Amino acid sequence: MSTANTSGVYVYGIVPADVELDDGFRGVGEGEVDIVRSGELAALVSEVPPDRPLGEPEDLSAHARVLDTVAAAAPVLPLRFGAVMTDQDSVASELLEEHNDEFRAALSQLEGRAQYILKGRYDEATILREVLSENQNARDLSEQVRGMAEPTSRQARIALGEFVSTAISSKRESDTETLLEKLRDLTEMINLRAPTHELDAVHVACLLELDSQARLEELIDEFAEEWDGRVDLRLLGPLAPYDFVTTTRPGAGDQA
Amino acid sequence: MTTAIQPGGGGGLDRPSPTGLADVIDTILDKGLVIDAYVRVSLVGIELLTIDARVVVASVETYLNFADSVNRLQIGDNEPKGLPDLVNDMQRGGARAKTKGAIEAAGQKLQEFLGGDDDRADARPRRGKGDD
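Just so you know, the protein sequences line up as chains A and B, in that order. For the first sequence, the residue numbers in this note's numbering are 37 to 292. For the second sequence, the residue numbers in this note's numbering are 4 to 135.
Since the hints were made in silico from the structure, they are not lab data. Each hint should be verified, as a subset may be incorrect.
Facing chain B, from chain A, some residues (calculated, C-beta under 8 angstroms) [to be verified]:
| hint | residue |
| --- | --- |
| 1 | P93 |
| 2 | A110 |
| 3 | L115 |
| 4 | D159 |
| 5 | E160 |
| 6 | L196 |
| 7 | G197 |
| 8 | V200 |
| 9 | S201 |
| 10 | E234 |
| 11 | L243 |
| 12 | Y278 |
To be clear about the criterion: a stretch of chain B counts as covered by chain A if any three or more of its residues have a C-beta under 8 angstroms from a C-beta of chain A, and this derived list gives those stretches [to be verified]:
| hint | stretch |
| --- | --- |
| 13 | 23-34 |
| 14 | 68-75 |
All figures in this text were calculated on a predicted structure; none of them were measured in a lab. Virtual Cβ for every residue (Gly too), placed ideally from N, Cα, C.
One chain only, chain A, in its complex shape:
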């Protein structure tokens, strides 16, 4: 335990020891990304001043950029944003050696795989027309609202909005399931993410063989075409497998 540090070591993730980086690979706070090795494992790190607050947008994007760039070429266990250790020695001993077995096991499972995220957002006008055309109730409610003056129509507008919101939720569920049925042909490793917007159509992370990326793109192309003008579909990746690493609870080990 050293106490008088002039800087801290930011840790991005864990990789196999044979990973190499080119010079000039910049990370959080423009620090150069370095590799700390221990046995067959290595950690991606960079120096950060201990008193520098982290969490600026550029810090977040640097963290993701380092991990995602590596993920396209080698298996990587991503750490959650904001992990800082005292020095490189402690990274080797307290992190890599301490968790040697579980990290190696996890990395071997990730070999050749990366995460992809599928995000779909409904086109508002299109999905609203769809809801109205399918539901007499919604049409009645909207007629009712239009015939009323603003202050008195509040309850009716809430009722209409709730109806629409529920209808969109159920479309989200069924559209997501339709896509999942096809996605399961490519991988079983799927994490259904919570929607982050009321017009979200699909929000799914999957772990996939890098070799299968072309098949995933084809699949997304098919859906993009089928949903053209209705859902704006995006595919992100290859990314580090953020959704597929779990925090271990060292049973006997006390980490205080």
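Once you have looked at the hints, place chain B on chain A.
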């Protein structure tokens, strides 16, 4: 499998690409390994964005917004617009466009930080020896 793959191109959808700030926040703040030994450094300046990116609630406000959208939609679909409708639409449209602009600006800023695909290629990692 050690070959680095390039993002594909073409097609009617966004290809694998640098992610927007909202995508990053979604992903790296509450996912990934956490090990007790780490000192977690406090985050500054992102609390609002974080909350914004993660909250989807079926609130009264959401309902009222949907109702307004339906209303606007039907006015647009069914009737020639009179001046009051147009003014109304423009005011609402203006407010919405402002919000969207702010969000997209954040995304654009991030794209600058990321420097697009070109920068990524400079610093591509490689494996030193063949695995297995």
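Evaluation of the provided hints:
1. P93: Given a least distance of 6 angstroms, the restraint on P93/A holds.
2. A110: 6 angstroms, holds
3. L115: With a minimum Cβ separation of about 5 angstroms from chain B (threshold 8 angstroms), the hint on L115/A holds.
4. D159: 12 angstroms, violated
5. E160: 6 angstroms, holds
6. L196: Holds, about 4 angstroms.
7. G197: Holds. Min distance 3 angstroms.
8. V200: 4 angstroms, holds
9. S201: Because about 5 angstroms separates S201/A from the closest Cβ in chain B, which is inside the 8 angstroms limit, the hint holds.
10. E234: 6 angstroms, holds
11. L243: 13 angstroms, violated
12. Y278: 4 angstroms, holds
13. 23-34: Satisfied; 11 residues make the cut.
14. 68-75: Held - the stretch 68-75 of chain B has 7 residues with a Cβ nearer than 8 angstroms to chain A, which meets the minimum of three.
Hints 4 and 11 from the list above are not met by this structure, while the remaining hints are.
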